[in-house]
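Visitor: Chain by chain, the residues:
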Amino acid sequence: MPDKRLSSHAYISLSECDQAIAFTFNSKVIKARSDDTIASALHAAGIGILSRSFKYHRPRGLYDGYGLGADLLLAVDGTPNVRGDKTRVEDGMDVRSQNAWPSPDFDAMAVNNTLVPLLPNGFYYKMFHRPKWLWPIAEKFIRKAAGIGAIDTTGETVDTRYEKRYRFPDICVIGGGPAGLASCLAACQEGKHVLLVEEDPQLGGHSVHTATKVANCQDDRLNGLSEQDAAGAIWDELKTYKNLEILTSTVVFALYEDNLIAAQSKHDLYKIRAGAVILAPGATDRHLVFENNDIPGIMTGRGVERLITMHGVKPGTRAVVIGNHDGVYHTAMLLQGAGVEVLVVADSRSDAATTEAARIVNENGTPIQPLSTIHAAKGRKSVNGAVIGDIAGKVEHASYRCDLIVIAAGFKPQLSLLSMGRVQPGWDEERQVFRVEKLPDGLYSTGDVHGTASFAQLYKEGKAVGLAAAQGAEQPQSVRSKEDIIVALPADIPAKGKHHFICKCMDVTRAEACASIAEGFDRVETLKRYTSMGMGPCQGKMCYEAVARLAAEDTGLSTSVAVPTTVRPPYIPVSFGVLAGRSQHLIPIRRTAMHDMHQQAGATFLNAGQWKRPHSYGDVQREARSMREGLGIIDVSTLGKLGISGPDAIDFLQFMLPGKFRKLATGKIRYSAMIGEDGILFEDGTLAHVKEGYYYMSTTTGNQDAIRSLFWWWIVTTDFDVKIDNLGPIFAAVNISGKNSRKLLEKLVDIDMSTEGFPYMSTRNATINGVPVMLFRIGFTGELSYEIHFPSEYGEAMWTHIMAEGAEYSIKPFGIETQRILRLEKGHLLPGIDTDALTNPYEAGVGFTIKDNKDDFIGKAFLKNFKDRGIENKLIPYKLSAGDAIPSDGVAILKAGKITGRVTSSRMSPILGYGIGLAWVNVDQSTPGTKIAIRLAGGGDVIGEVLDHAAYDPEGVLLKS
Amino acid sequence: MAKQMWRTYDLKKTYDIVIIGGGAHGLATAYYLAKMGVKNVAVLEARYPGYGGSGRNTAILRSNYRTEEGIKFYDQSLGLYENLSTELNYNLMFSQQGHFTLGHTESSTSGLVTRAENNKALGVNSFMLTPQEIKKKLPEINISSHARYPILGALYHPPGGIIRHDAVVWAYGRGADKGGVEIHNLTEVQDILVKNGKVEGVKTNRGTIYAKKVISVVAGWSSEVCRLAGVKLPFVTHPLQALVTESYKPWLHHVVVSSTLHIYLSQTDRGELVCGDGIDGYPHYGMRSTLGFMEAFSAHVLELFPILHNVKVQRQWAGLCDMTPDYSPIISPIDEIEGFYVNGGWGTYGFKASPASGFNTAKMLAEGKVPDMIKPFSYNRFGENRLVGEKAAASVSS
Ligand SMILES: Cc1cc2nc3c(=O)[nH]c(=O)nc-3n(C[C@H](O)[C@H](O)[C@H](O)COP(=O)(O)OP(=O)(O)OC[C@H]3O[C@@H](n4cnc5c(N)ncnc54)[C@H](O)[C@@H]3O)c2cc1C
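Residue numbers (the numbering used here), protein chains in the order written: chain F, 27 to 987; chain A, 68 to 465.
Looking at chain F on its own, in the form it has when it is part of the complex (with noise of 0.2 angstroms):
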């Protein structure tokens, strides 16, 4: 294996690092330096095709360094499509290669060079689907070859730790190269707490590749030091700052509104929220189109200029360099510098650059050939020959033979941040790059990213942007001088050729994007979507420049009015795991005050909103029929609860409420529904009133939040003068039902208990246990009883005390589903269960809560036409004969084979000792004594009998007593 690692450099002075990390590649083991990426290492090792393309599996190498396209995605520790040259090297890492069988070397699935221009354009839409049965086979076939990386689906539990993170500086600095780190030393230096974030380990940006020396800086002590040295020295002055935080190896993957900014750092998630943002995120070699532009082994200017001097890898040993402007000498020099044989320089430009750089190739005997360019790179799964030629593509100069050809051609601002989906970039004619000029407010932005230009200037141009930021002032105008302009080449050197890739993640070519203008895709977006270049995983921030310019120019259009397609977030991949955070989900789990006590007694729970609810206490069936012939508890804390007082409180539940409510006395309760704007029902709930002009309102679990933001919304609406307290979670509650209730309650507390004293449907006041509590004669389940609420934090105390009061009248709890059963018995319905987004309150039998011949209220306009139409449908209580199956909630019911209703609860009665439900029908199914024919959900049909009352204590007696 060739040895490309450098022990020196003529030029610079390399890091001192040894060779102490070990991992392996493909099971093979490899050396490798501890600040080296899995990219460079790999590199060093002598292996050139790293990854396969997606469409026509074509090998991809080492490219940029710098991670932005795609050409290498690899498996690390079983996560897939990992970028290989954005992450570094761990001990005992096991990297695999993707999408590649047998090996990315040889890749049996590779369609080769002759075939491309074969494939008709847009082949998939033009294939496979005539007959119509071939295109069910032929996919899976494709299904087979897709996709990169491969998900680990064996693994059940995941132990990486997921976190987020929160932050709220003044100003956020995003991206510390020499401006970004100047902009962040003014905003400092005018007290700022300041933010600065940063992609790369180290800071610095593109200066800690270049050997180039400051010059002309306002700073004087930065003049004279090569422009690491000067990053470095900005850095060390940073630390001094306290109101300073820099978070490097953290990339900044979206901007949105109100400059939320989002970032991950690992496995951690930054939620950055800040005054003002700077956007000082650089910019990256320009992608240069031209014959069998995407073979390993063809490298950009600052890809190798990464390699040497932050991983002293030799890139190659003899290379073509092809450039547009005076830094193509730095790279050149450094390549010299690390031993490599530079053949030529193809410089575009007609005069040879004055640079020291230059000079020291010059002297190093390479030739320099001006109005040059290349025109093909040769060779398949590696370069080994380049040909050079005029910039029009016509005529061709020389030939070469070599394993490197590097493309020094200029760089692209990288917009993603700044265009996200809000600015759109447009082509700076002077600049020769596409540029946001003017942000929103609050967003700033200097640096590489208003075209690339001298680190005096830079850091010139951060300073006023970090201080006009902190100040809150505009912008300052960016400018460039003429000698920083890099005018750029064509977007494609249009030599000969059918393999000029304008986006290497898809494969697709200048002729496929040609092919496709002509078919009318004939904007950069139906181009994008038709060809999908842009679309693969760069998202285009590799080739962006050349596809907008291309389309532009292949549609008879001028550069300049050239547009990207939008930019959308996320600026790298982001996974769930970070996104989601530590919780899996988002929504909480709410326990009630006497959670621990349903645990102690066996309960099982199920989820009633948010809420955990015992579900049973092991016997349904016993609890049901131990409560109607005893006693029973059960925990009603999760109901909504609403206190409703202020000057217009009863204005207000008029309105709210369909029902009249004016001659509701203190301490009386009525039942009332809720109906919405569209006159639908959809929900129910009791109003108490507890003192005068002070109104509890009690609802369901599971629609209470839905009801609280509902009356809150109403209350900002409106002009009515209410106040509205949550009591959901303050008051927890128990409902004591059964014969004995009574008896119980007479023992707790010491207010008058008899019917006279106390009857069905009112509220009392009384203490229990020395804890004040508000009883309420309602019931749900038919039979005699009480609603205790109490303050939360007496939970447990309260339950216990009950409990073993209740003891000498064998008291047991019951849970939910008993309660549906208790409901059913009594034909009650439930809404969200037995309603759904079109339930007529008439027809649901809920008509008599409605007092229509009252001034405007919710859902009135509505409901007279529900009143008008007259009953269709009806919500109907039925039974079944003994013995029969019972159904499940949501069967059909079925009338000559037509559906004609359907059950929405449905249970088996212990006391009635047959299944019992509500369901709804056609009116003319709805009298008492139809029998209605229940298709069970496995088939067949079970029948019932329409019921005209409750299964149970149909007159109420019990509930009344």
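Derived by calculation from the structure, the hints in this document are not laboratory data.
Take these hints with a grain of salt, some might be off.
To be verified - No farther apart than 27 angstroms at their CA atoms in a straight line, the calculated lysine-lysine pairs in the DSS-like style are these:
id	chain 1	residue 1	chain 2	residue 2
1	F	638	A	202
2	F	957	A	187
3	F	893	A	442
4	F	420	F	524
5	A	458	F	886
6	A	106	A	436
7	A	202	F	166
8	F	54	A	316
9	F	524	A	70
10	F	924	A	187
11	F	158	A	245
12	A	316	F	112
13	A	299	F	893
14	A	316	F	170
15	F	170	A	203
16	A	204	F	158
17	A	316	F	158
18	A	442	F	924
19	A	204	F	166
20	F	170	A	202
21	A	316	F	152
22	F	522	A	70
23	F	170	A	204
24	F	921	A	187
25	A	70	F	152
26	A	299	F	890
27	A	70	F	158
28	F	924	A	458
29	F	292	A	316
30	A	203	F	166
31	A	139	F	924
32	A	70	F	81
33	F	158	A	187
Position chain A with the ligand relative to chain F; hints supplied.
Guide: Chain A with the ligand in isolation, oriented as in the chain F frame:
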């Protein structure tokens, strides 16, 4: 040289029928009109075909709705979709992989049972599965009782699946063009001309056009376009967000929807997971994405599939949805304005309806009579409060 999908024309002064909106519904309407032999039809599209919901949706197709009206209509649509690739000679990549609607609460499960029964009765293949049966088809799903909302059952619908949505738009466009319809890009309707209770034409950024029949087929922009004619219908536009992950080797071969967790996901033939949840809670015309959506979706999807914790989101976006009170569409002539028609109310679920919507709308325009299939979708149902309630079957955006 490849043939153009659709040609470019100069705007004429008059057309017999003007269709506002070049989404799947507008183009399908145009295609079926052409197929019925109607000539002199123009589609006016403000941006480019597929700019709206038709280019932004998650492409889930199914027909297991809840009401008789809904089931019949969506089933006609699914039937048309099944033959559409062949009919339009374009591979729409309709992947009939089967569709799960998971129930995690008793009330939602009971609603699913009702749908299963209603579907069976109308001949639509849709039935309930137990958690163990679900696990057999989706081995990676978490059916344990430790989940926040354990899975109690699922409604399964074998013919449901996903399609390549852009291809549907293009193929209908090409089909319409072949039949002589003019498709005009970058042509925004800025006013609708009405005189003496009759529609006269439309004013666009490219000039005024006269037509005896004008139909609005603009989904998320329906309120706005109806306003131009002075018509107020109960559309409320909400944003709906979606996201797509990186590409992975296909492992999920069914569409999975959870109504309780409010999420859904499927995996395309390209290996990406396409995901979404419910509408944003506020009316809005901005097609912006939020972090909250991605966080909530992620938290919820990991409930169902904990193995996805290191799967990465690659892109998020949003579209507009024209919600109606009953989650059913409005396809109707407008009584007050002769010659003015509305096709909208497609909310979060309208893509699957494109063929049936286009077919019946075309019939309505061509024959001047509302076909029985879409009679229930008249806007008059709101005045009469006689709704076609599909909220339970359509609220999770798929
Ligand atoms: C994120 C998301 C996911 C979805 N998922 C699904 C799904 O899985 N399954 C499903 O069935 N449905 C889904 N939908 C719904 C579906 O996308 C829409 O219901 C459907 O695409 C509507 O199609 P359309 O042709 O009526 O409207 P659109 O496709 O929205 O087209 C309307 C067109 O009208 C144009 N227009 C607007 N105003 C004017 C004017 N004044 N003049 C001229 N032109 C104008 C617009 O530019 C637009 O192109 C989803 C929607 C979204 C947003």
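Visitor: Evaluate each hint against the coordinates.
Guide: Each hint tested on the structure:
1. Straight-line distance between C-alpha atoms of residue 638/F and residue 202/A comes to about 25 angstroms, which keeps the hinted pair within the 27 angstroms bound.
2. Note on residue 957/F and residue 187/A: the hinted pairing holds, with a Cα-Cα distance of about 22 angstroms set against a maximum of 27 angstroms.
3. Between the alpha carbons of residue 893/F and residue 442/A the distance comes to roughly 23 angstroms, so the proposed pair stays at or under 27 angstroms and holds.
4. At most 27 angstroms may separate the alpha-carbon atoms for a hinted pair to count; residue 420/F and residue 524/F meet this at roughly 15 angstroms.
5. Restraint check: the Cα-Cα separation between residue 458/A and residue 886/F comes to about 22 angstroms, which is no more than 27 angstroms; the hinted pair holds.
6. The suggested pairing of residue 106/A with residue 436/A holds, with an alpha-carbon distance near 18 angstroms, which does not exceed 27 angstroms.
7. Between residue 202/A and residue 166/F the alpha-carbon distance is near 21 angstroms, which keeps this suggested pair within the 27 angstroms criterion.
8. With a C-alpha separation of about 24 angstroms, the suggested pair residue 54/F and residue 316/A falls inside the 27 angstroms cut-off, and the hint holds.
9. Taking the CA atoms of residue 524/F and residue 70/A, the gap is near 20 angstroms; set against the 27 angstroms cutoff, the hint holds.
10. Only pairs whose Cα atoms come within 27 angstroms are accepted, and residue 924/F paired with residue 187/A is accepted, the gap being roughly 11 angstroms.
11. Straight-line distance between C-alpha atoms of residue 158/F and residue 245/A comes to about 22 angstroms, which keeps the hinted pair within the 27 angstroms bound.
12. With a CA separation close to 22 angstroms, the supplied pair residue 316/A and residue 112/F stays within the 27 angstroms bound.
13. At most 27 angstroms may separate the alpha-carbon atoms for a hinted pair to count; residue 299/A and residue 893/F meet this at roughly 25 angstroms.
14. Note on residue 316/A and residue 170/F: the hinted pairing holds, with a Cα-Cα distance of about 8 angstroms set against a maximum of 27 angstroms.
15. For a cut-off of 27 angstroms, the pair hint linking residue 170/F to residue 203/A stands: about 20 angstroms separates their Cα positions.
16. Between residue 204/A and residue 158/F the CA atoms are separated by roughly 25 angstroms; this keeps the pair inside 27 angstroms, and the hint holds.
17. Taking the CA atoms of residue 316/A and residue 158/F, the gap is about 26 angstroms. The hint holds against a cut of 27 angstroms.
18. Proximity of residue 442/A to residue 924/F is assessed by CA-CA distance (about 20 angstroms); at most 27 angstroms being required, the pair is judged to hold.
19. The straight-line distance between the Cα atoms of residue 204/A and residue 166/F is roughly 16 angstroms, inside the 27 angstroms bound, and the hint therefore holds.
20. Proposed proximity of residue 170/F and residue 202/A is supported: the alpha carbons are some 22 angstroms apart, at most 27 angstroms.
21. Between residue 316/A and residue 152/F the CA atoms are separated by roughly 24 angstroms; this keeps the pair inside 27 angstroms, and the hint holds.
22. Simply put, residue 522/F and residue 70/A have alpha-carbon atoms about 24 angstroms apart, close enough for the 27 angstroms limit, and the pair holds.
23. A hinted pair counts as satisfied when its Cα atoms are at most 27 angstroms apart, and residue 170/F with residue 204/A qualifies at roughly 18 angstroms.
24. Of the supplied pair hints, the one linking residue 921/F and residue 187/A holds, its CA atoms being roughly 15 angstroms apart against a limit of 27 angstroms.
25. With a CA separation close to 13 angstroms, the supplied pair residue 70/A and residue 152/F stays within the 27 angstroms bound.
26. Distance restraint check for residue 299/A and residue 890/F: the Cα-Cα separation of roughly 21 angstroms lies within the 27 angstroms cut-off, and the hinted pair is therefore satisfied.
27. At most 27 angstroms may separate the alpha-carbon atoms for a hinted pair to count; residue 70/A and residue 158/F meet this at roughly 24 angstroms.
28. Distance restraint check for residue 924/F and residue 458/A: the Cα-Cα separation of roughly 22 angstroms lies within the 27 angstroms cut-off, and the hinted pair is therefore satisfied.
29. At roughly 24 angstroms between alpha-carbon atoms, residue 292/F and residue 316/A fall within 27 angstroms of each other, so this suggested pair holds.
30. Note on residue 203/A and residue 166/F: the hinted pairing holds, with a Cα-Cα distance of about 19 angstroms set against a maximum of 27 angstroms.
31. Between residue 139/A and residue 924/F the CA atoms are separated by roughly 14 angstroms; this keeps the pair inside 27 angstroms, and the hint holds.
32. Simply put, residue 70/A and residue 81/F have alpha-carbon atoms about 24 angstroms apart, close enough for the 27 angstroms limit, and the pair holds.
33. Annotation: proposed proximity of residue 158/F to residue 187/A holds, straight-line Cα distance about 26 angstroms (limit 27 angstroms).
Checked against the numbered hints given earlier, this structure breaks none of them.
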